[in-house]
Structure formats: C-alpha cells, structure tokens
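Please build the complex by placing chains B and C on the supplied structure of chain A, with the hints as guidance.
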Amino acid sequence: MIDQFTPLIEINAAQLHYRVGGAMSALRGNPPVVKAVDGVSIVIRRGESVGLLGESGCGKTSMGRLLLKLEDVTGGDILFDGQSLSTLKGADLKRYRSRAQFIFQNPFDAVNPRFTIRQTLSEPLENAGIPPSQRQDKIIAALELVRLSEPLQYLDRYPHQLSGGQLQRVVMARALILQPEFVVADEPVSMLDVSVRAGVLNVFRDVRDRLGLTAIYISHDLALVRYVCERTIVMYLGKVMEDGPTEDIVHEPLHPYAKALVAAVPVPHPDQSHDPLPIGRGAPDPRNPPSGCVFRDRCPYAFDRCAVEIPQLQQAGTRKVACHLFDEAN
Amino acid sequence: MTETLLSVRDLRVSYKVGASRIDAVDGASFDVPRGTIVGLVGESGCGKTTIAKALTRVIADNASITGGQMMFEGRDLVSLSERQMNALRWREIAFIPQSAMNSLDPVYTVESQLNEVLRRRGGLGRREARKRCEELFELVGIDKGRLSDYPHQFSGGMRQRVAIALALALNPKLVIADEPVTALDVIVQRQILDQLRELQAALGISVIIVTHDISVVAYICDRTVVMYAGKVAEAGSMQATLTEPSHPYTMGLRNAFPDLQGAASGTLTPIEGAPPNLAFPPPGCRFAPRCPFVLETCRQVNPPLETVGPNHVAACHRAGEAVELRTQAARVDTWSGKVLA
Amino acid sequence: MLDATIGKRPGFVRRVFQSLRLPLNDPFAVFGLSIYGLFVLTAIFADQIAPYDPTEILYTPDYMLAADLRPGEDGHILGTTSLGRDIFSQIVHGSRSALLIGLTAAFMVALIGSIVGVVSGYFRGWIDIVLMRLADIAFGIPFLPFVIVLAAFLQPSIWNVVIAMALVLWRDTARVIRSQVLTLRSRGYVDAARVAGSSDMKIILRHIAPNILPMSFLYGSIAIGWAILTEASISFLGFGDPQSISWGYMLQDAFASQALAKQAYYWFVPPGVCIILVVSAGFFITRGYENILFPKLGR
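If you read the sequences in order, they're chains A, B and C. At position 268 of the first sequence (counting the first as 1) the number is 268 in this note's numbering, and the numbers step up by one without a gap. At position 12 of the second sequence (counting the first as 1) the number is 12 in this note's numbering, and the numbers step up by one without a gap. At position 193 of the third sequence (counting the first as 1) the number is 193 in this note's numbering, and the numbers step up by one without a gap.
In isolation and in its complexed conformation, chain A is listed as follows (with noise of 0.2 Å):
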C-alpha cells in the first residue's frame, strides 16, 4: 500500500569516496582518499521537502549526484522506491531517468548554449519516446508550469537571449517535463539577482505542492532552505550533523555546527547581533579531517572524546543529531 508514509528514498550509510593524487601515491601504498559522502543514512517518506544544509566540501552536492545516480556509491546502497540505484541499468535506468530530476545551480552551464529552447526542452521528451507530434503541447505546458508568461516566444530562442531568471525556470521545466516523483534542486538561485530569486523560488513551492514531489534542496544558507523545507538535514565534511524539522533547527540548533551556521545566516535587518560566531576559524579539510569527530578541530565545545570516537547519529527529541555532547541525553 503506498501513502504518504512511504519511504521513497532510503540511504543507508551511503559513502562517495574519492582518490586524490595520480598512480606514483597509488604505488605508494597511501593514497589519499577524500571522502566526499562518508556514511550518510537519510529515509526519506514520498512527498517530504528535505533541505541538505552545509558549506561547500560537506558532501552536500555529491549527494545530490548520488541520488540522480550521475555518481555511483562507492560503498552502501540508495534505494529508491525499493530498487538499489547501484543496480539499475537498460529500461529500468531509463524509467528512473523519467522519475527523478535535477534541478541545477547555473542555469547558464545548464543548456547547451548551441539549442534553442525548444531542442533543450525536447532532449527528455525524446528520450522517454514521445512522438514529435506531442511535444509542443508538452513543452508548452510545462512552460506555462513555471509561469513563463506566453512560452511560445521563447521556443526558438538561444539560452543567451534569456535573463538568468527566464533560464532558471527553463531549467526547472525540463526537469518537470515528464513529470517526476523526485526532484534534486542545488542551490537555484544562487546565480540569479535577487529580485527575481524570490519569483524562482515561488515557482519551486508551488509545483512541488501542485505535483506533490518529493524534493531535495541544496543550499549553503538556511533561510533559502527554511522557506522550501519542513525539514533539515545538515552536513560537515560528508557527514550529518543533525536532522530534524527546519523550525525546531532554525530557533534552537543542537549541534555547535549547527549554531554556527545559523547564528551565520545574513538577516536583512538593521538590528541583529553581531556577537563573533561560535566556531574557530579555519576551513575543513576534506583530505584530512580530524580524527573521531570531524568537527571538534573548530568545535567550541570540544572535549577529550571527542577525539577518539565518531559520534553516532541519534535521537534528539525531535531530532537526530551526531554529537558526544547529547550522549548522556539518551
């Protein structure tokens, strides 16, 4: 029986791991490996907006890849809707290329800038076997989803005749053309002025509830996150922090990363605080992450456990955070 409750998408203990450094550090015996994505495990239920929260190098994008299977697991399993991507090949392949979307950060590297609208926005419907005969209907519709005002005009233009807002929405219309279950959008409007970020934005809401779309939402910010999300996964160093409703992550952060990156979000108001942020300085590392805890190298509340032990993710009230400090909690 599937409901809402259903989960979609099950990660468990997904790891991306990279080898850096050419053959003579293979030879070696010690290459270096970054570990992009290193033991995440995420369920998440169909329909649920979740928001991958970090700064860049915390894996947040590689998950976004692995999830669109542009990147295959190097240890682990996603599974989508019971099927491990790792195995999908031919038809079944093919079939989740129609279920799953990615949404991308720069509209401008999104589409070939040799095709026009109309041969970007058939590339899928061609793919998924659509005869040509409906294809303008469909592109149509799907432009008319996004809320670009009378689409035929842009059908024979050239994505550099577009504003980066009028591409973004091209941008998210084929990824809705075939209309999928799932999508992946990573960071949409970082590119984008913001007077039109906020019109992206809207756009992206409302499909989501219009469709009903299970969806993923990269950002770095969190205000971004909060306006799209219910609920926030966050992630250091290819690691989950803390995972939790967006509100309860917003107005009391558990993990120190966490407080951190929240009390770090630009407000635009004359009146905030400007205390110093609590975390060190320095940037993380991927090559060489401190050991047990990734984190407590910048870490406030650093103690001598944290050196020597991972801490695992676990339940936190309504949240699951990865912190020795709420281990007595428990």
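Honestly, I wouldn't trust all of these hints.
Claimed, not checked - If you want a taste of the chain B side facing chain A, the calculated C-beta under 7 Å gives, among others:
1. Ser-44
2. Val-78
3. Leu-80
4. Tyr-150
5. Gln-153
6. Arg-190
7. His-212
8. Ser-215
9. Ala-218
10. Asp-222
11. Ala-256
12. Phe-257
13. Leu-260
14. Gln-261
15. Ala-274
Keep in mind the hints are simulated off the structure, nothing from the lab. Note that this is a predicted model, so its numbers are computed, not measured. The C-beta atom is built at its ideal place from N, Cα and C for all residues, glycine as well.
This is chains B and C only, laid out in the frame that chain A set:
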C-alpha cells in the same frame, strides 16, 4: 555630522557598444563620510561595479567618464591627470576587485605578492617591507608563518583575507570592495565581514562595499546607496533606508529576501519583470515599468533625488506618500499582476 | 510573435560548416585557404593543365632527347629534367600526390585522434588509462626513422607515410581532444542530458562532438603539412615510390642528377617553393583556428 571624504556628483560613465552609447552610470550622486562603511547595492547591470571602478579610474577600454565630479579630499578625481591618479591608487584609494581571492598569482608566494606592492608602489626597503607584511597578516588575522605559502595553500576565506591585506598594504584612506563575500559560504562570509568592520574601526578608514545582498548591508554598513539602472534610487543611513525605505524599489528588495528572523509561513515577493535595457532607457523613472505604484508622471518625468528625511534622499515622485506606500508594499498582491518580461 | 529568422534552422550543410567554424575573418587563414584551393584545383585538373605526361621521355622536333632544356626552350615552361621529362607537368602532377597524402593523413590523424580522445575523456576509467599509455608509447617513437623502417618492411609507396602518420601522429590530437572532452564533460548540460535520459552515444554526438570538431580540424590541418613534408623527406632520402611523381621525388631526382652543379635552379626551386607554400598555408590556417579556439592568446 562627520566630514565627507568622497563626494560623487552627477557621475556619468558611458560604454561604447558598436555604434551606440550606453550610460551605465547616469548622473549618480552620493557621499562617503570619513570613517564609515557605505554599501552600494543593486542588481547586476545597475552600474554599481562601474562606479566602483570609475572611482579608481580603472575602467574598461570602451568606457569613459563623460560627466560629473568625484571630489576626494578637495581633489576632483575626474580631472586629475593619469599620473596624479596613479599616485593616488593603492596609497589613498585601494580597490579589491570581485573574486580578488582568485586573482592572486599562483606561482608566487603571498609574501612576494605583498612585497611587490610594498616595494614597487610604496617604495619600502627590504626590511621594512618584511615588517609590514607581518603587520598586515596580523591585521587580517592570519599567522605570519604562512607568508611564504602559495595562494593554493589557503582556503577561499583566507585568500580573501590576503586580498584585503593587499589592499591595506599602503594605508589607504578609502577601500572599495566589489562583492567581497559573494562567493563565500555563510560562516566565512560572516567572519570576513567581522574582519572588515574591525579593520575599518581600528584604522579609521572609509570603505565602500559593492554588493547585491542587502543583508550584507544590514550587517556591516553605516550608509546605503541603492542603485537602479544606472541611477541612485535612494541613499541614506542604513537604518533609515532599510526600516523606512522611501523608494518602491528598496521596498521591493526588502520583500524579496528570505528572513530567518521573520515568520516561517511568510511568502517572498519577487519584483516582476527585469531592469530596462540601458541602450533604450524608459523616458521617465527607470523603475516605472516594474513599479506597482506607478503614476502617469512617472512614465514621463524622471524624478530627481529629493530629501525625504535627515540625510536621506530618494528619487521617487511619490516619496511624500512613503508611509502609505510601505504598508501597501508589504502586501503580496501589490506586487503581483505585473506581466513578466 | 518573435522574429522568424531567429527560429529558422539552418540547413544541414550550413550547420556542418558552422561547426567547422572556418576562420574566414583572419586574413592569414584566408590566404592559406586560397593556396589550398589553388592546389586542390590544380590536382583535380592536372591532366588538363599539364602539357605532357610527367613520366614521358620527350624528344625535340629533331628527334634528340629533350634533356636539360632551360625554361622556355621548346615550349617547356620550366624546362626538362636530365631524362627529358617536362618539369612543369611534374610539378602539376606532384600536387596530386601531395594533396592525396596530405588529406588522407590529415583525415586519419584527425579521425583516430578524435575517437581516441573522446572515448578516453568521456568514459574515463581503465579505457582512458590504456589509451593514454598507448599515446605515451606513440610519443616515444621517433617519427622519421619509424617511417623509414616501415618503408623497409613494406613496399616503397606513398601510403607508407599515411600509415606511419596514422600509427603515430594521432597521439597529439588524442591528448588535446581528451582534455577538451574532460572539461566539456563537467559542463552542467552534459549532466543535464544524462539526467534527461540521453545515452552516452547521443550525448557524445549531440553535446560533445560539435564542440571538438574545430579542434579536430585544426589538428587535421597541422597534419597536412606534416604529411607533405614527411613524404618529401622520405622521397628525398630515396625511400619513396619511384612510380609516382611527387615534389620530394623531384628534389631527389634533381639532387641525384647534380642539378645544383648544373645550376638548374628551374628544376629544384619550383618543387621546393610548392612544398613551402602548402606547408605554410597549413600553418596560416592553423593560426586562424587558434584565434577562434583560444581568443585570449592574442598576439
């Protein structure tokens, strides 16, 4: 009121594109008081970066300053000779270009790049330069042991600090930073802004921050200059422009931003449409085609900058009704119903 | 409605020409292309242009061997060789073998190099490693000695040069195309095509190939010059095909017949000039392409 360090009046910068001339900056006026941080805000193409570059007179080959004044400590930067201007650059006015952190030369150590500026431009000796390098690193909060590192050994945030150190090398009075935190993550963004604020207060310099992000302005600036389509739409203290905006564009920008302190269920309101093509600007107010409060005069007569409060100017025919317009602007339906260009 | 011209799809031929992006704005390239054009026409109409068969031994009207005639004598525009063959006809027919070798070698080099580069760059993994190690080996082979060895094993023929080039010179093209494909592959629209369900083949043909075509063409035009030059060197060294007339063969013939001592400049200067012209024409076209492909280089 504090003394004015820089006063820009009716500045006009034009680009020649093919046979046509585009006024990227079309009669902009604003002041930068000594010891303050001024935020130059607007969308891409509004002319904010062009102004920033015009202030150092390092502009594109096909661009020229076609009018106005830029009074900097009694001298008009527009009429200075190239040699006089060159003497001023870096020593008095320093510019941190957009993505400066990526423009450090990868094959030289950070120290030799700092040295280049200190010794060539500043005329410092070897030992003085070394001392100054260490001072500068201390100033921007990087361990001086890392002076001999190469740019790729630094993170993005650290490189941005190095770019700031580079700008401060010769003790300028005015630092212009073009989108200093745009490419950075929120935490690093915040740390860099804190650093800039700290340095500005400690050194008593003035800073112009060019940004598209009003939350950056809200966090760090004392004054705001809002630009739209090559003109100043509104300028005033940061408090006044953000809490009591008098130009509909400023009101719209405020609505378009998600606010973590606000209610969860709020709806963001986009400003429908797009800025005008500057090759064919509309005859009246440039915001008129997107403005929900547009009158017939707006489409014909370009509104001048007028005082709307203490030290607060706005270019809007309806600036007198600002209080009423603000309440209307807060409603979502005010902004919808416009066609999307 | 929108201006109809924007939406008009150019015809197939025009699209191919557009993707080749012939450098028609660069005066040097236009010069090079016209030289090519001239030689191509000469090669096509060689039988009509050349007054004599290039290998025919000619006699004067008084039945003497027409050997070592000066230019203009007896109607021989560039004179004759020591064996009594018409030099002008040899030059005209030499353009045939030059262009035949040049174009086939260019085609092979561009084709093999592009395929290897695309496969390597697009699929990565072990196939990339294998192909690139092969390229490394090819880089280690000294070209001219390799051609000589090949000529020693096979029949002396102008095709040796083409085979040798196909076996060795694909390496440069492959490396460059591979790196081009690596950057193209990381473009968002390639990922987008994958998410949209396009097959690898379709992605390569639609999104990758149009972008690397000018690069293949550039390396092809470099290879033309190389092939002609190599054929000339091989023929001059005496490893060429004695049956076919080429400019290199003419030089070798002139050298062996002590043309220099006889001050028969009309014999060895024209083939030399032709080689220089064709090779430098290739170079000029290359320059034009570089301007298109790497506009930031400036000059």
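Going down the list of hints, with the structure as the test:
Annotation: interface hint on Ser-44 (chain B) holds; nearest CB of chain A at approximately 6 Å, less than 7 Å. Interface restraint check for Val-78 (chain B): the shortest CB-CB distance to chain A comes to about 30 Å, outside 7 Å, so the restraint is violated. With its C-beta approaching chain A no nearer than about 34 Å, Leu-80 (chain B) sits outside the 7 Å limit, and its interface hint is violated. Given the 7 Å rule on beta carbons, the hint for Tyr-150 (chain B) is violated: about 16 Å separates it from the nearest Cβ of chain A.
With its C-beta approaching chain A no nearer than about 11 Å, Gln-153 (chain B) sits outside the 7 Å limit, and its interface hint is violated. With a least beta-carbon distance of about 4 Å to chain A, the hint placing Arg-190 (chain B) at the interface is held under the 7 Å criterion. A cut of 7 Å between beta carbons decides the hint on His-212 (chain B): the least distance to chain A is about 6 Å, and the hint holds. With a least beta-carbon distance of about 3 Å to chain A, the hint placing Ser-215 (chain B) at the interface is held under the 7 Å criterion.
Checking Ala-218 (chain B) against chain A: minimum C-beta separation of about 5 Å stays under 7 Å; hint holds. Because the smallest distance between the Cβ of Asp-222 (chain B) and any Cβ of chain A comes to about 10 Å, over 7 Å, the interface hint for this residue is violated. Taking 7 Å as the C-beta cut-off, the interface hint given for Ala-256 (chain B) holds, the closest approach to chain A being about 4 Å. Hint on Phe-257 (chain B) holds. Least Cβ distance to chain A is approximately 5 Å, under the 7 Å limit.
With a cut of 7 Å, the hint placing Leu-260 (chain B) at the interface with chain A holds, because the nearest CB-to-CB distance is about 5 Å. The interface hint given for Gln-261 (chain B) is met, as the beta carbon of that residue sits about 5 Å from the closest beta carbon of chain A, less than 7 Å. Here the hint on Ala-274 (chain B) is kept, as its CB sits about 5 Å from the closest CB of chain A, short of 7 Å.
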